[in-house]
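For this one, chain V is given, so just place chain C on it according to the hints.
Residue numbers (the working numbering), protein chains in the order written: chain V, 1 to 63; chain C, 1 to 403.
Just so you know, not all the hints are guaranteed correct.
The calculated DSS-like cross-link candidates involving lysine-lysine, where the alpha carbons are at most 30 angstroms apart (straight line), are [unchecked claim]:
#, chain 1, residue 1, chain 2, residue 2
1, C, Lys111, V, Lys9
2, V, Lys2, C, Lys111
3, C, Lys111, C, Lys372
4, C, Lys372, C, Lys133
5, V, Lys9, C, Lys106
6, V, Lys2, C, Lys106
Simulated from the structure, these hints should not be mistaken for laboratory data.
Since the structure is predicted, the reported quantities are computational estimates derived from the model, not experimental observations.
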Amino acid sequence: MKVTVDEAKCCGAGQCVLIAPEVFDQREDDGIVILLEPEPGEEQHALVRVAAAVCPAAAIGLS
Amino acid sequence: MSLNEQVLSYPIPGDAALEPPAEWAELRGKCPVAHVKLPSGDQATLLTRYEDVKQVLADPRFTRRLNAPDAARMSAEGGGVFNSEMATIIPDGGEEHQHWRRLVGKWFTAKRMTALRPAMAEIAERLIDDMVKRGRPGDLKASLGFPLPVYVICDMLGVPAADRDRFSYWSDTLLNLTRYGQAEIEAAQGEFVQYMSEHIAAKRAEPGDDLLSALIAAGGPEDGGLSDIQILVTGMALLVAGHETTANMIGKMVSMLLADRSRWERLLADPSLIRTAVEETLRLDANSGFGLPRYLREETEVSGTVLPRGTTVVCSMAAANRDESAFEAAAEMDLSRSPNPHLAFGAGAHSCLGQALARTELQVVLEVLLRKLPSLELAVPVEELERVEGLAVGGLRTVPVRW
Chain V
1 MKVTVDEAKC CGAGQCVLIA PEVFDQREDD GIVILLEPEP GEEQHALVRV AAAVCPAAAI
61 GLS
Chain C
1 MSLNEQVLSY PIPGDAALEP PAEWAELRGK CPVAHVKLPS GDQATLLTRY EDVKQVLADP
61 RFTRRLNAPD AARMSAEGGG VFNSEMATII PDGGEEHQHW RRLVGKWFTA KRMTALRPAM
121 AEIAERLIDD MVKRGRPGDL KASLGFPLPV YVICDMLGVP AADRDRFSYW SDTLLNLTRY
181 GQAEIEAAQG EFVQYMSEHI AAKRAEPGDD LLSALIAAGG PEDGGLSDIQ ILVTGMALLV
241 AGHETTANMI GKMVSMLLAD RSRWERLLAD PSLIRTAVEE TLRLDANSGF GLPRYLREET
301 EVSGTVLPRG TTVVCSMAAA NRDESAFEAA AEMDLSRSPN PHLAFGAGAH SCLGQALART
361 ELQVVLEVLL RKLPSLELAV PVEELERVEG LAVGGLRTVP VRW
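Chain V on its own, in the form it takes in the complex (with noise of 0.2 angstroms):
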């Protein structure tokens, strides 16, 4: 699984971090999504495919 993240997409409701902390994170100074793992380990799959799925803003990309 490869992630992507659009930070110009990105309102910084921080539903991926609340979801998959290990595989994102916020800035300090914005809110906006970082992302810290763009291939996760296979036990991460699901709970960034559920990120990926409520994010508002359609700001994640999976392939």
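Coordinates of chain C only, in the frame set by chain V:
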């Protein structure tokens, strides 16, 4: 007359406090772009399908310029929070909005909210202890639902929680679309502006460890910060937003979970369901309030219907959240539903800034209640729960409980 021909009055009254009006399903099925008449008498276009609501909320052509001369007024008295001039001071779209959003948004990150959890749990425990001391039955809304979010947002803004009765009144005059006359609303807003101006002046003189002090410290627009009036309106908007929304949702969430006590028992047996249970109550909140109005500055098409320039659209997120084409068994409450991409907080660049705060508060309240009052139950039949009428944000009058 079918729904296609008649003009529905909006908001559509709900008979039962926790159940959706029957019209929602009919509108989604047969009339997804419906003409409605608002309390002001003005006409608007109501959207109820998931895909439409999601698309419109994220589309910058649907603006928040509800103060445009030809925009529909929400209520006869002018329209409260949605039509207010105040709403135009915070940038509506584009880079300016993004700049504002990021300056303020850093105070609402998931990590910051997680760090607030122990303090929130402590407040919740204290409020529950007080409710228990006063004896059964208690009103969960007045004892816990209302005070908790107010304490939290007051602390974030550095305003004294002791003034909360005044905030509640000011907030109500902005959010209640039918209860107050124009003179009363203007007087309340004047007092609120005065209060917040004095508060900001005090913070300027003596900064604290709070959001408003930080916004002041960021400097004016020339330094990449906000103008004085923007700081003022941001403070007022956050205080109002932090007030009625989560406060009412706590009461509604607990009522929904107790309405069928097997739900409560399932959570007692497996507290790991708290996160998804909170999301599911947000999705199924049939009394979430007015919905989000948008004003269209250019002709656009939604679900095959052409909407002319100047149309005011009302997005019913609550109706969209029960759309069978977006959620399997949409009418059923599934405490483990995941993913749950409901629209309770909106969608796109304007989706709720405080959603991580709201989620955290709801999760903490539920976790503490399950732990401290496992025997909790509604003290009245669910049919006796009553809605608060007229609010932009829906709620229940009281939530009588025993334990």
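Which hints from the list above does the structure break, by number from lowest to highest?
-> When the structure is compared with the hints, none of them turns out to be violated.
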